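S.K.: Using the sequences and the accompanying hints, generate a full structural model.
If you read the protein sequences in the order shown, they are chains A and B.
Residue numbers for the first sequence follow our numbering, so the first one is 45 and each next one is one higher.
Residue numbers for the second sequence follow our numbering, so the first one is 23 and each next one is one higher.
For the record, the hints were derived by calculation from the structure and aren't laboratory data.
Treat the numbers as computed from the prediction; the structure is a model and nothing was measured.
Every residue gets a Cβ at the ideal spot worked out from N, C-alpha and C, and that includes glycine.
Check before you lean on any hint, since a few could be wrong.
Residues from chain A shown here face chain B by an in silico Cβ test under 10 Å; the list is partial [what the hints assert, rightly or not]:
(1) V177
(2) N193
(3) G309
Which stretches of chain B does chain A cover? Using the computed rule of at least three CB atoms under 8 Å from a CB of chain A, they are [to be verified]:
(4) 93-104
(5) 266-272
Taking CB as the label site, the calculated pair distances span [claimed, not checked]:
(6) V163/A to S454/B: 36 to 42 Å
(7) E75/B to F325/A: 53 to 59 Å
(8) T138/B to Y158/A: 19 to 25 Å
(9) D179/B to A164/A: 32 to 38 Å
Listed here are the chains, written in short residue letters.
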Amino acid sequence: MKKTHNKYKGAWPSAFLAPFCVCFFLFNLFPILYSFYMSFLDWNGYGEKTSIGFQNYIEIFTKDDLFWKSLLNTVKIGVIGFPIAIILGLVFAAIICNLVHCKNLLQTVNFLPYITTPVAIGMIFTFIFEKHVGFLNKLITALGGEAINFTGSPKWAPLVIAFMIIWKCTGYYMAMYLAGITSVSEDVYEAARIDGASRVQTFFKITIPLLKPVTTFLVITSAIYAFQLFDEPNLLFTNQSATTVGGPGQSCLTMVWNFYNQAFGANPRLGYASALSCVLFIIIVLVSVVGLRVMNGKED
Amino acid sequence: MKKKLVSVLLVAAMTVSMLAGCGAKSDSEKGSSASADGDVTITYWGWDSNYYEPMFAAYEKEHPNVHFEPTAVEWGDMLTKAQQALASGSDLPVMFGMDNTLIENWKAMDICEDLTKYDFDDSKYLDSLAEKCKTDDGKIIGVQESINPAGIAYKRDLAKEYFGTDDPAELQAMFASYDDYAAKGSEVYDKSNGEVHLFHSGQAVAEWLYFASDVANMDGDTLTYTDKMTDVLSKLVTLRDANAVDTYQSGTPEANATYADDKHIFYPCPNWALTYYIQGNDPDGSGNWGLLRAPVDYNHGGAALGISSSATDEQKQAAYDFAVWATAGDGATIARDDVGYITPYLDLMNDPHWVSMSEDMIAWFGGQDIGEVYYQEIAPNMAGVPSTAWDNTIVNVRNDLSQQLMDDTAMTLDAAIKLGDDQIKQLVTDDSVTVK
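M.R.: Below is the structure:
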């Protein structure tokens, strides 16, 4: 026993951990620390670096309207999109888990959007929501309505992004809930049936409470995803001839898009963008911690 | 012992293989581009494959020791890609395309070889374009590929249907001013029961009006946003209110498909758009297109060839030789015949016998000699304003405002200007620049 214990005290564990540690340092920790260092600089990425202390952070919170606008847009899109996706995922999982036929087919079909490349999603949604030839507007005009400029109007564009999230994430959430449902003991449902509980009562009184750990996980990861939203709006509103920063009226300028534009726009500010990314990091940590506390409640 | 040795080797192999990608290129790798037998490899980043592919093929044929390795990069990603390469210490290509809208931003990176070292004489090139490649301290950072005179292309079948003629001279008389476009646009819209518009996109019209505007973007350290946008958007609002403009978002596949439809008549058309937009989006349209001069002759966009100062001497010399060949040598003829580009090299540009369009392009435009329109009628009168470091920001705001003006037909010019004013003040982050 002592011999075995000593075996783990030698150089070998360190040697085997070294590749991971080196890579983690080079590709994760170092970039994070370097970004933090850059956030105290006035630097465009290639010119002279000037140390300016907390000036970037002061500017973010006192002068930068775009930061607040992007924060509001991100929260707005996330609050509309993710709760609906989570609820739909739960409902689909509850329906599909009881199916006898076509269960695998429906699972696969629902999951496909999640593994579709964002570029394709951008194109698909352009074709759906485009004003003149888009499928949805064809339907609206066929029903006697007037075509809506979904992707060109500040009023509608955030809703299109929220819909993209719902379309993309519902299948993933469904898969997570399905895994959760299968882990619930059949005995509990049987006991409920013997006690005379209806299907709806079983769903609300047994399924949902027992899936709380899954829901907590999905809510937290969704919040993190929401604050990192970039691909969907950027792909929908960036094209060679008429690029805008943030879509129509900047209504879809998310925090990461704002960061990207500051870091890699025509007049780059890598130092300032690094400060934005640090603020984003803190926001994500805060939201995750608060979310966990709220979701777990008394258990903590 | 054996086990230990195997373990040590495995650990070493894992670590080395993971770190292998981190190292910079060795000197021998860098030097491989110019080998002992005089072969030179020129790496290139650019977006316009219609231009660089035939040019590179022809140059490689004439110069068997020179090889090109082009990488297609989206127009909007070019500057960012170069910035990222510079910030991360990655290799830049030997040669790259620089769009004139962003040329001041390219200058700011200070990565271009100064061509005065090669005794490049830019006085032999069209002054207004050559000037764009000059830095404040007299360096020349690139060679302009082409002049970019722009007119208004039209579909002959629709012109005949709605204006009674497809003759360029008669149409030119009909469309002499922006007000003429508004008046005719209103007529066409009514006649077609709201089905047909003169133009497909407010953003495309705003782009035309932007390049045709003689209001400079900067006056010293003041960004003259209000003056510029008022000049551009007031005309767009007039055309919008006359129903002359449809609401497509420029550059989308749906908007590009309108080049082949029967619901839109006019398209602002610089010379590079002939292959890029018209032939590309209306492949069966040969013979159905015509070209008019816009109310104001103007230069639209354009690009310069830059050479990376970090390349080897052999590569830089080879890239410079190519740039001169492409604009002042045999390459200029290939660019003219294959792509419709006309060099800003004055000796060629001013020679009416040399300046002509290919037979194919003339046939595409129903036999109209569009070379004469572009290079003898429009080019000598082209309007243009100096480039600035904030042009791309202004363009982004212009794109948004023009889209919103089209989306909300009740939006007034003043409301749009105010909206853009809020945006541009947020986007211009240099404290030394005043937005007016």
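S.K.: A separate judgement is required for each hint: does it hold in the structure or not?
M.R.: Results of checking the hints against the structure:
1. V177: Holds. Min distance 5 Å.
2. N193: holds, 5 Å
3. G309: Because about 8 Å separates G309/A from the closest Cβ in chain B, which is inside the 10 Å limit, the hint holds.
4. 93-104: holds (count 5)
5. 266-272: This one holds; 5 residues, not fewer than the three required, reach chain A with a Cβ under 8 Å.
6. V163/A to S454/B: 36 to 42 Å: Hint holds: Cβ distance 38 Å, inside 36 to 42 Å.
7. E75/B to F325/A: 53 to 59 Å: violated, 44 Å
8. T138/B to Y158/A: 19 to 25 Å: violated, 56 Å
9. D179/B to A164/A: 32 to 38 Å: The hint (32 to 38 Å, Cβ to Cβ) holds, given that D179/B and A164/A are roughly 36 Å apart.
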